[in-house]
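A.B. asks: Chains as they are written, first to last, in my numbering: chain W, 320 to 481; chain C, 2 to 290.
Everything labelled a hint here was simulated from the structure, so no lab data went into it.
Since this is a predicted model, take the numbers as computed values, not measurements.
It is possible that some hints are incorrect.
Over 10 Å on every C-beta distance to chain C, these chain W residues come out as not near it, computed from the model [unchecked claim]:
(1) Glu345
(2) Leu384
(3) Gln389
(4) Leu422
(5) Gln426
Derived coverage of chain W by chain C (criterion: at least 3 residues anywhere in the stretch with Cβ under 8 Å from a Cβ of chain C; other residues may be distant) [unchecked claim]:
(6) 391-400
(7) 472-480
Simulated pairs of lysine to aspartate or glutamate, EDC-like, Cα-Cα distance not exceeding 20 Å [claimed, not checked]:
(8) Lys44(C) to Asp381(W)
(9) Lys397(W) to Glu266(C)
(10) Lys380(W) to Glu115(C)
Positions of the beta carbon are idealized from the N, C-alpha and C atoms, including for glycine.
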Amino acid sequence: MRYLIGLLLLCLPLLGSAQQMTIKFEIPALDVSPYHRPYVAIWLETPKRKGVHTIAVWYEKDDWLKDLRQWWRKLGRKDAAAYDATSGATRKPGSYKVHWNGLDQNQQPITAGEYFLNLEASREAGGRDFVRQKIRWGEPGEPQQFELQGDLELSNIQIIIE
Amino acid sequence: MKSTFSTALSLLSAGLLGITLSTSSVAHDRFILPSHTVLSSEKTETVSLISSISNDIFHPDMPLGDNGKGTPPPPMIPLFKRLQSSVVTPDGNSIAGPSWQSYSRFSAADQILESNGTYRIRLMQPDTPMVTFKDAEGKPNRIFGPNPQLPSGATEVVKRVIRSSVETFITKGEATTPTTDNSDQQLALGGETHPNDLFSNEPLQLQLFFNSQPLQKAVDVTLVKQNSRHRNQRQERKVTTDSKGNFEITLEDPGFYLLSVELTEKADNNDQLDFYHTSLYVTLEVFPQ
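Chain C extracted, bound-state conformation:
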């Protein structure tokens, strides 16, 4: 008998059947969009944020996270129970993050910022097993769970673990260097350029970290500018990291950008698992000169 967990997850995957499973991406984009990323008041400030799973940037489509008081679509409740909301404060401590409350198309939350410095807001999905396959008619599908029951005639069965972190940075007063310490098998963004010191037409020097170490495997970093619904081309910018996770990009237009990375690695133990997919989604605000 399947557990309620995996039944609910199966419903989730059934609801998301419209996704094309390309080899380069296993998931929709997701983002946090804050009301502010730069604040200058000395007193305690509050920022309001929304979070969403959506391929339109930054137009919300589905919510991401619920504190039990919202109205999440039922198939998403198991996912929301797994999400971990945290904030890394300017002194480097990780504390409970925004209390995301689900509406029909996005989740919303407030975050209080007391002391000055840079805050890293994170919404993290820990290791989630998933199996992709093709059914008897050759149509791609997927089911969540470590050993789900597959329909007869299933081919190209691939066992994956997906995990992701959705983040943004907010600075009140003087900027501090945000920590890239992660002990949770996730990616982090760091580098020479501070994430709240981004301006158009300036080279931005950034760096990816994995498990607190500079990422040694070259990956593509994708940036998509806000307002994708109001133009006819997606206008993705792609840049590849070097052997230390460094990359540089100059953005001509100001606005909010979604930076996304998907790191795919073959698992060591082929019997149990084929691939790990680690994704990072960071919302960056770029100001005009």
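Chain W extracted, bound-state conformation:
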């Protein structure tokens, strides 16, 4: 029995090498009045721009989800239930980290390959940022790290895949 447990413990590091994605970004404090917290969406698309999975969407009223134009057209409007689990309220200015373990809304791992990781932010009476980064997923071993900047609404974006 102890021999089997020992063998299992040895195997654990291999089992735990599933990929993780961490997306860090800042919502800048802006000197405007009134200030409205931005709506933010983070999602995955295939290289041919087919929506795959919403990693996070922060919003208040569904009336304004359409202003996250790219997320709305590729994922949001197709299936409201699909992003229900990954939605949350808007956040105030500050630094944020979003984690993703590679599972879709049905808890199934997405296929390995090339993808676009997209971030979009839209602020009432403010601007809209849309950035995207090509990534490789499902090939553990080579960690990836990317740094992006938005125009105004999102800054210091880091995408870390390990």
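Take the given structure of chain W and dock chain C to it, following the hints.
C.D. replies: Below, chain C without anything else, positioned relative to chain W:
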């Protein structure tokens, strides 16, 4: 004795005398301009729209449509009585459309959108007979009506039937494929690209249909970007359809665009009629990346 109808139409054509009658166009542009084409609320939404006959895009000049409660210019009342306002809902049914009310320069209306999907808003002018000619001094003119009395010395008499559909598309929630079924001798816009999924710098693949069938005759499709009054060139973009009505265009600038098509066909029965002119005007909203 002329009927009130044709008298009123004659007044209409007299009022529009300033038009140059080129062979390529028999009418001013016309458009519907909606407040929104993409909505994301789950609850019932309302969109406000204006409609106008105007060559400046999208600056209204004359109204288009009246429900009897507005203040239309009197010569336009007979035309407005002929217009048919309809909406094709996401489930494909055609129901009564916006109740256009005329002001002096545009007509306005609201449209309620309950269920999710794509709506096709239409303002259609059915077959309208018209005769163009040159008067004794050689000046071009036109009179509406099937057999109007022409002034003496009229030459180059051409009998035409004009008909048009002015449209736009609005999607609430998930986009559905809008029907291109028309049983009313009008043109319709369809194709691979959804009319509420238009973004700048992306190839838009669209298709023209006539009487529910892909349009087999090659025609020019013209697109004019909004704000024509605030620039010095009209900046028309033209593309020709293939033998199945397909065409592709990439628009670099976001904004509202008026897509217009005029299909001219020789009539079969030359004694009664020389040409059919079928026009389509579609307002499209193109978003920035």
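A.B. asks: Each hint: holds or not?
C.D. replies: Going down the list of hints, with the structure as the test:
Listed as outside the interface, Glu345(W) is consistent with that label: its C-beta sits roughly 23 Å from the nearest C-beta of chain C, beyond the 10 Å cut-off. Some Cβ of chain C comes within 10 Å of the Cβ of Leu384(W); the nearest lies about 4 Å off, and the non-interface call is violated. Gln389(W), annotated as away from the interface, has a beta carbon of chain C within 10 Å; the closest lies near 7 Å. No beta-carbon of chain C is positioned within 10 Å of the beta-carbon of Leu422(W); the least distance is around 24 Å.
A cut-off of 10 Å between C-beta atoms confirms that Gln426(W) is not in contact with chain C; the least separation is 24 Å. A count of 7 residues in the region 391-400 of chain W with a Cβ less than 8 Å from any Cβ of chain C is obtained; the coverage claim is therefore met, three being the minimum. With a threshold of 8 Å between beta carbons, the proposed coverage of the region 472-480 of chain W by chain C is violated, since 0 of its residues qualify and at least three are required. Distance restraint check for Lys44(C) and Asp381(W): the Cα-Cα separation of roughly 9 Å lies within the 20 Å cut-off, and the hinted pair is therefore satisfied.
Restraint check for Lys397(W) and Glu266(C): not satisfied, since their Cα atoms lie roughly 41 Å apart, outside the 20 Å limit. Restraint check for Lys380(W) and Glu115(C): satisfied, since their Cα atoms lie roughly 18 Å apart, inside the 20 Å limit.
Figure legend: structure checked against the earlier numbered hints; hints not met, in rising order: 2, 3, 7 and 9.
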